[in-house]
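Visitor: Protein chains in written order, with full-length UniProt numbering: chain A, 1 to 134; chain S, 1 to 134.
Rather than coming from a laboratory, the hints here were simulated on the basis of the structure. Where hints are given, some of them may not hold.
Said to hold, decoys possible - Dumping the calculated DMTMM-like pairs for lysine to aspartate or glutamate here, alpha-carbon to alpha-carbon at most 25 Å: (1) S:K52 with A:E129; (2) A:K52 with S:D93; (3) A:K113 with A:E129; (4) A:K67 with S:D93; (5) S:K52 with A:D93.
2 protein chains.
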Amino acid sequence: MDEKAVKLFSEKNLVYIATVMKDGSPQVSPVWANYEDGYVLVNTAEGRIKHKNVLRDPRVAVSVVSKNNPLDMTTIRGVVEELIPDYDYKHADKLTQQYMDREHYPFKRDDEKRIILKIKPNKVFVLPELKMSD
Amino acid sequence: MDEKAVKLFSEKNLVYIATVMKDGSPQVSPVWANYEDGYVLVNTAEGRIKHKNVLRDPRVAVSVVSKNNPLDMTTIRGVVEELIPDYDYKHADKLTQQYMDREHYPFKRDDEKRIILKIKPNKVFVLPELKMSD
């Protein structure tokens, strides 16, 4: 994947993931994610709308913008190839370190099971440099 | 609309809009937007993917998170009721003030025509307060 896109996934930037509802309309929500070995790994919980949506249609899109420079961004279309249990919060803890500089995921709930959406990027768009017109 | 959601649209927070591609897969991109008289107004340019998508299917979803507090967020599903020309950059200038504290939209291009997606919110979700578990 593009180096600039990879960098955006290693920082504290929220990732926005779009999925498709049962009626064919779009849905979007902010998530924590990172990039490892060719895949975008989104952490979410079982039973959420986006989980239900990808079980039915694994096609997703994600968008990330740099907190430091809004012109530094990528949007990606891809497919959820696998749903990986994160019941032990290993990935959630890793992302807590990335996003909050804390060791453990602080929003644990007894009724929640974390999972990872393993996304294979198909189309990666990186915004070319924009010139200011005035 | 929920007061908290309205506030999120009045600040410098980027808005992420999801649309549906011709093949039924989702698309998402960051945009500038504000909220006026019951509508979310997204500024984009003619011919962009999201413009083509809403001409075919006007259903969209948007997500906004506060720059200051990532737990302060809203996601909305709605429909583009109208496409409004912004060829004179009036709305683009207004959003430039909101997002950049500058008077005029600085990314003008001769080959670009700005338009406004006028979105009627149907479902508004505001994240309830989360408790930290440790």
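Visitor: Are the hints correct? Go through all of them and say.
Guide: Here is how each hint holds up against the structure:
Only pairs whose Cα atoms come within 25 Å are accepted, and K52 (chain S) paired with E129 (chain A) is accepted, the gap being roughly 23 Å. For the given pair, K52 (chain A) sits about 40 Å from D93 (chain S) by alpha-carbon distance, which is inconsistent with the 25 Å threshold. Only pairs whose Cα atoms come within 25 Å are accepted, and K113 (chain A) paired with E129 (chain A) is rejected, the gap being roughly 41 Å. Between K67 (chain A) and D93 (chain S), the direct Cα distance comes to roughly 22 Å. Compliance with the 25 Å bound is thereby established for this hinted pair.
Distance check on the hinted pair: K52 (chain S) and D93 (chain A) sit about 40 Å apart at the alpha-carbon level, beyond 25 Å; violated.
Checked against the numbered hints given earlier, the structure breaks hints 2, 3 and 5 and satisfies all the rest.
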